[in-house]
Amino acid sequence: MEEKKVVVTGIGTITPIGNTVEEYWNSLVLGKNGCAPITYFDTKKYKTKFACELKNYDSSAFFNKKEKRKLDPCAQYGIVASEEAIKNSGINFSKEKRERIGVIWGSGIGGLLNLEESISDYVYGGKYPKFSPFFIPKMLIDITAGLISMNYGLHGPNYATVSSCASSSNAIVDAYHLICLGKADIIVTGGSEAAITQSGIGGFNALHALSTRNEDYQTASRPFDENRDGFVLGEGAGCLVLEEYQHAQKRGANIYAEIGGVGLSGDAYHMTAPHPEGIGIIFAMKSAIQDAGIQCEEVDHINSHGTSTRLGDIAEIKAIQKVFHENIYNININSTKSMTGHLLGAAGAIEAIASILPLKKGIIPPTINLFHIDKNIDPKINLTPNQAIKKEVKISICNTFGFGGHNVCILFKK
Numbered sequence: 001m002e003e004k005k006v007v008v009t010g011i012g013t014i015t016p017i018g019n020t021v022e023e024y025w026n027s028l029v030l031g032k033n034g035c036a037p038i039t040y041f042d043t044k045k046y047k048t049k050f051a052c053e054l055k056n057y058d059s060s061a062f063f064n065k066k067e068k069r070k071l072d073p074c075a076q077y078g079i080v081a082s083e084e085a086i087k088n089s090g091i092n093f094s095k096e097k098r099e100r101i102g103v104i105w106g107s108g109i110g111g112l113l114n115l116e117e118s119i120s121d122y123v124y125g126g127k128y129p130k131f132s133p134f135f136i137p138k139m140l141i142d143i144t145a146g147l148i149s150m151n152y153g154l155h156g157p158n159y160a161t162v163s164s165c166a167s168s169s170n171a172i173v174d175a176y177h178l179i180c181l182g183k184a185d186i187i188v189t190g191g192s193e194a195a196i197t198q199s200g201i202g203g204f205n206a207l208h209a210l211s212t213r214n215e216d217y218q219t220a221s222r223p224f225d226e227n228r229d230g231f232v233l234g235e236g237a238g239c240l241v242l243e244e245y246q247h248a249q250k251r252g253a254n255i256y257a258e259i260g261g262v263g264l265s266g267d268a269y270h271m272t273a274p275h276p277e278g279i280g281i282i283f284a285m286k287s288a289i290q291d292a293g294i295q296c297e298e299v300d301h302i303n304s305h306g307t308s309t310r311l312g313d314i315a316e317i318k319a320i321q322k323v324f325h326e327n328i329y330n331i332n333i334n335s336t337k338s339m340t341g342h343l344l345g346a347a348g349a350i351e352a353i354a355s356i357l358p359l360k361k362g363i364i365p366p367t368i369n370l371f372h373i374d375k376n377i378d379p380k381i382n383l384t385p386n387q388a389i390k391k392e393v394k395i396s397i398c399n400t401f402g403f404g405g406h407n408v409c410i411l412f413k414k
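According to the UniProt record's numbering, the stretch in the sequence shown is residues 1 to 414, in order.
Hints in this document: simulated from the structure, not taken from any laboratory. Fair warning: there could be bad hints in the mix.
Derived PhoX-like pairs (lysine-lysine); straight-line CA-CA distance at most 25 Å [claimed, not checked]:
{"hint": "1", "residue 1": "95", "residue 2": "183"}
{"hint": "2", "residue 1": "360", "residue 2": "4"}
{"hint": "3", "residue 1": "250", "residue 2": "414"}
{"hint": "4", "residue 1": "414", "residue 2": "5"}
The structure presented is a predicted model; accordingly, all values stated were derived computationally and were not measured.
Taking the hints into account, I'd like the entire structure generated from these sequences.
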């Protein structure tokens, strides 16, 4: 079988620091912080009172009243991001075989607000089993993939991936593999999440996973900093249009990057904690590098998972050190979660975009709020502190990891 190349020909996003790719990228470069007090509900009884909510998002600009009744914010965000990515790709569906175009979408939690509100209505409504006919569909994680395909009449592979915070990265990897196997020419892929709800904040507080830096929330997301105390919850979506290279060339598509290699692994260690030595991360990164057929010294940039947790940040740095050895000092490592917060299942998708654009722009966004590097991290490692840098980037790696020990590494080439 002829080996196929897979390229990125369209990108779209809606994030806490920008509602389009252009806004998102400009905010990343400027080190803009998306964190603010929660406005969606009264946080008086919650340990964490802040998050990275979307700004100036008006659902009425995208959906009519009837459509909004059917859509949890998780699906809304995914549809919005997919519309931008598809428009950006320049695809004319009337000239394509729609059975050769698929949608693969990731989310770690799905329609949480819908679930929360529906159960609340049940409990406080006299406990009569009166539910909306949209209760189940709005809750389903796979519904976004289905809705995107319906919007464009796409009959190719269509499903969802669920691997906690690695969900959208797994979606991208699956899309890549299906195109490599010749099962599709184009796949719309990515992920969305909308978990800034009472149960979302309360649940992660119960895990002691969230920062509680309420008096200084703008510096709460501080990956690799000595004084980090947990992640900041974010929301939004990211979408990539993946396409077989020759197909993209034939239609004169703009190519952002090639997916050079991918790596997948499992920690087999703990429900929520990473392996302390980063064993699974090492396997995933080595696999992606081997898959791409490159040497470690060729990697210019790593967009780390870097969540701002005590255990996770150190485990990832240990893994990167063990994979790259002395070459680590020539790589710019950053964490864009310092600006966007952690979008859970959508993190991999928006961070894939943040890994691709340095290849085009020659700029690497910073890790903001990095005041004092953790004493367990080699100070010679370049974590791109607090200011974007100009650098030619030919190979960029995007790391994403999820509860349950799911590890994904995607390598993008110029």
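Hints, verified against the model:
1. 95 - 183: holds (18 Å)
2. 360 - 4: holds (22 Å)
3. 250 - 414: holds (19 Å)
4. 414 - 5: Judged against 25 Å, a Cα distance of about 13 Å means the pair holds.
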